[in-house]
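A.B. asks: Residue-level listing of the chains:
Protein chains: 2
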Amino acid sequence: MSEFTSLDKLGEFGLIRKIKETVKLENASTLVGIGDDAAVLEPGEKNIVVSTDMLVEGVHFDLTFCPLRHLGYKAVAVNVSDIAAMNAIPTQITVSLGISARYTVEAIDDLYEGIRFACENYKVDLVGGDTTSSKSGLIISITAIGEVAKGEAVLRSTAKPNDLICVTGDLGAAYLGLQVLEREKQVYLDNPEMQPDLQEKEYLVQRQLKPEARMDFIHELKELAVKPTAMIDISDGLASELLHICTQSNTGAAIYQDKLPADQQVLNTAEEFQLDPVMCILNGGEDYELLFTVNLADYDKIRNHPDITIIGKMTEASEGVRLVTPSGNAFPIQAQGWTHF
Amino acid sequence: MSEFTSLDKLGEFGLIRKIKETVKLENASTLVGIGDDAAVLEPGEKNIVVSTDMLVEGVHFDLTFCPLRHLGYKAVAVNVSDIAAMNAIPTQITVSLGISARYTVEAIDDLYEGIRFACENYKVDLVGGDTTSSKSGLIISITAIGEVAKGEAVLRSTAKPNDLICVTGDLGAAYLGLQVLEREKQVYLDNPEMQPDLQEKEYLVQRQLKPEARMDFIHELKELAVKPTAMIDISDGLASELLHICTQSNTGAAIYQDKLPADQQVLNTAEEFQLDPVMCILNGGEDYELLFTVNLADYDKIRNHPDITIIGKMTEASEGVRLVTPSGNAFPIQAQGWTHF
Numbered sequence: 007m008s009e010f011t012s013l014d015k016l017g018e019f020g021l022i023r024k025i026k027e028t029v030k031l032e033n034a035s036t037l038v039g040i041g042d043d044a045a046v047l048e049p050g051e052k053n054i055v056v057s058t059d060m061l062v063e064g065v066h067f068d069l070t071f072c073p074l075r076h077l078g079y080k081a082v083a084v085n086v087s088d089i090a091a092m093n094a095i096p097t098q099i100t101v102s103l104g105i106s107a108r109y110t111v112e113a114i115d116d117l118y119e120g121i122r123f124a125c126e127n128y129k130v131d132l133v134g135g136d137t138t139s140s141k142s143g144l145i146i147s148i149t150a151i152g153e154v155a156k157g158e159a160v161l162r163s164t165a166k167p168n169d170l171i172c173v174t175g176d177l178g179a180a181y182l183g184l185q186v187l188e189r190e191k192q193v194y195l196d197n198p199e200m201q202p203d204l205q206e207k208e209y210l211v212q213r214q215l216k217p218e219a220r221m222d223f224i225h226e227l228k229e230l231a232v233k234p235t236a237m238i239d240i241s242d243g244l245a246s247e248l249l250h251i252c253t254q255s256n257t258g259a260a261i262y263q264d265k266l267p268a269d270q271q272v273l274n275t276a277e278e279f280q281l282d283p284v285m286c287i288l289n290g291g292e293d294y295e296l297l298f299t300v301n302l303a304d305y306d307k308i309r310n311h312p313d314i315t316i317i318g319k320m321t322e323a324s325e326g327v328r329l330v331t332p333s334g335n336a337f338p339i340q341a342q343g344w345t346h347f
Numbered sequence: 007m008s009e010f011t012s013l014d015k016l017g018e019f020g021l022i023r024k025i026k027e028t029v030k031l032e033n034a035s036t037l038v039g040i041g042d043d044a045a046v047l048e049p050g051e052k053n054i055v056v057s058t059d060m061l062v063e064g065v066h067f068d069l070t071f072c073p074l075r076h077l078g079y080k081a082v083a084v085n086v087s088d089i090a091a092m093n094a095i096p097t098q099i100t101v102s103l104g105i106s107a108r109y110t111v112e113a114i115d116d117l118y119e120g121i122r123f124a125c126e127n128y129k130v131d132l133v134g135g136d137t138t139s140s141k142s143g144l145i146i147s148i149t150a151i152g153e154v155a156k157g158e159a160v161l162r163s164t165a166k167p168n169d170l171i172c173v174t175g176d177l178g179a180a181y182l183g184l185q186v187l188e189r190e191k192q193v194y195l196d197n198p199e200m201q202p203d204l205q206e207k208e209y210l211v212q213r214q215l216k217p218e219a220r221m222d223f224i225h226e227l228k229e230l231a232v233k234p235t236a237m238i239d240i241s242d243g244l245a246s247e248l249l250h251i252c253t254q255s256n257t258g259a260a261i262y263q264d265k266l267p268a269d270q271q272v273l274n275t276a277e278e279f280q281l282d283p284v285m286c287i288l289n290g291g292e293d294y295e296l297l298f299t300v301n302l303a304d305y306d307k308i309r310n311h312p313d314i315t316i317i318g319k320m321t322e323a324s325e326g327v328r329l330v331t332p333s334g335n336a337f338p339i340q341a342q343g344w345t346h347f
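Note that the protein sequences, when read in sequence, are chains A and B. Each number in the numbering used here comes from the position in the first sequence (counting from 1) with 6 added on. Each number in the numbering used here comes from the position in the second sequence (counting from 1) with 6 added on.
I should point out that these hints are in silico values taken from the structure, not numbers from a laboratory. Be careful, since some hints might not be right.
In this list, chains with the same sequence are indistinguishable; a pair is considered to hold if it fits within one copy or across any two.
[Stated by the list, open to error] Under the rule of at most 27 Å between Cα atoms (straight-line distance), these lysine-lysine pairs were calculated in the DSSO-like manner:
1) K166 to K24
2) K26 to K156
3) K52 to K30
4) K52 to K129
5) K30 to K129
6) K166 to K26
7) K228 to K156
8) K191 to K319
With the hints as extra help, turn the sequences into a complete structure.
C.D. replies: Below you can see the structure in the form of structure tokens.
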């Protein structure tokens, strides 16, 4: 006999009840959470920021190597990352799920365990959502709400020429983590007896499966008394995000290849896969680090910060968006983003 | 040569740009809309309500008889309906789409035309979203945000015994509209030469394809100076929604079969399809009318309102939730909701 429970048995309202029972509310601004037509928030004298992201099975995740618990965590983290990129503090999320028939109650529990763990970690309240069936696979759509003092939201459109371009952490690891996982999946499919040895790739795999939103850094910026002139989170890749800032701020930019931060595992693994490490860093995406610009006057506040790398500077729009190689050559940076319809 | 444009050609950012260009912002509380990591809202001294709904192709809609423009409109309307059911005024929405390869740019334009039309009609600002590809069919996930004065939100959990139970408009039409459309689809599949004659079913079909959120009635309630004790919108069906109010308010209820409001087309068409009209009214769903309870003291304010029908009264929880027939028999009302996993 199976130890799993079909969702059919539990029904929609049973599933919602189960979810509601395990959700704790932490934010004073949350008046009413799950269980009514809408959540009710009382933000006080703040601005509200709202962001939303959809993850689709087979497009954004592959459950053969992504445990549901990690997926739940990641789905929250990527939304929190958008709120962080506004210089705001996340306070609430809503979670909508489309679930196909092959999922059990236990599987959805695993997913919510990851969601709840992320909610605790980022101190956000799960206040509502929708659960529905789907014809194929799992769909997760999350909306995150955050607060920021009036006038303190940091947009993409407000960078200026001569601002310094900075990134947090290192780049390219999540993309190479995905390459490693896909190779191991293929090895496993060819020979199910083989046990993957991912020890040397642990950092890459973790960056892919369990990315963190850089909320820590938003608090850090306040301590440094630095307000970026523009900011965006790196979900599609550094090149794509830099182009967003430049387009929306009507500027150009120059970034320096030898300044781009990467972990040693990124460099080693790119070589192993015969991939150009610079392309991995520029276009890999899913690192959820922050790309931001600061006024030159703030240089002394950030120059020695261990988590900030200054990678270039903003320029006039007429100079374009360029990557400068160690030999001093400059190449235009191209847009990416999905074209996988 | 085809006159349609593949989404591949436009790309993700092209699609977002197209959407952004055609969106107008109307609400003073919208500081920043589409185009950043999150929207920025400045609600002032109000409460915020947030609701979300997901529509999945093949589960919630069938594009053989639902034009994309209508679908876009409906997707917004059902979210606005949730905000209305909180006694709040909708102000912003975010729209996330999962789009499969068989959709063209023109198809997504049609969808957004319906979304924009609904935004204008309900005076809400489209402030953000996510567009992604999907392996099968179209997925629409919308989050709606609204405002309500502090303390004026109406919950499901605050009805009291002896409160009057009221509904707006009439019920059962959207469900029978779906039956009509599915029959016509079958006729068409059997014989593509046949032109459907839907003239006598126009009201039913319109209620299914183009439901309206009862925002008009929320404004009306203010004019009547009536604050319901509890309220919910009727998406799953009268029976299911009444059970939600009773469970969450810890009450029972008695509703009277001969008071249930239905259009003559509902009664005629139920007979034609050999369906019990009472079951269509109780469990049909998707009418998006409002079910609400009011204190007896408000009876005189609502008794002659042409759009309100008093269908019963709340009771102690021990009396259960019952339907009283014209002959005076009482039957317990059962829960529904989807079990279509």
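A.B. asks: Now tell me if each hint is right for this structure.
C.D. replies: Against the structure, the hints come out as follows:
1. K166 to K24: Classified as between; 26 Å across copies, 50 Å inside a copy.
2. K26 to K156: Cα proximity of K26 and K156: across copies only (24 Å, versus 32 Å in one copy).
3. K52 to K30: Both ways: K52 and K30 sit 23 Å apart in one copy and 24 Å across, limit 27 Å.
4. K52 to K129: both (18 Å within a copy, 23 Å between copies)
5. K30 to K129: Cα proximity of K30 and K129: one copy only (10 Å, versus 34 Å across).
6. K166 to K26: between (46 Å within a copy, 23 Å between copies)
7. K228 to K156: within (15 Å within a copy, 31 Å between copies)
8. K191 to K319: neither (41 Å within a copy, 60 Å between copies)
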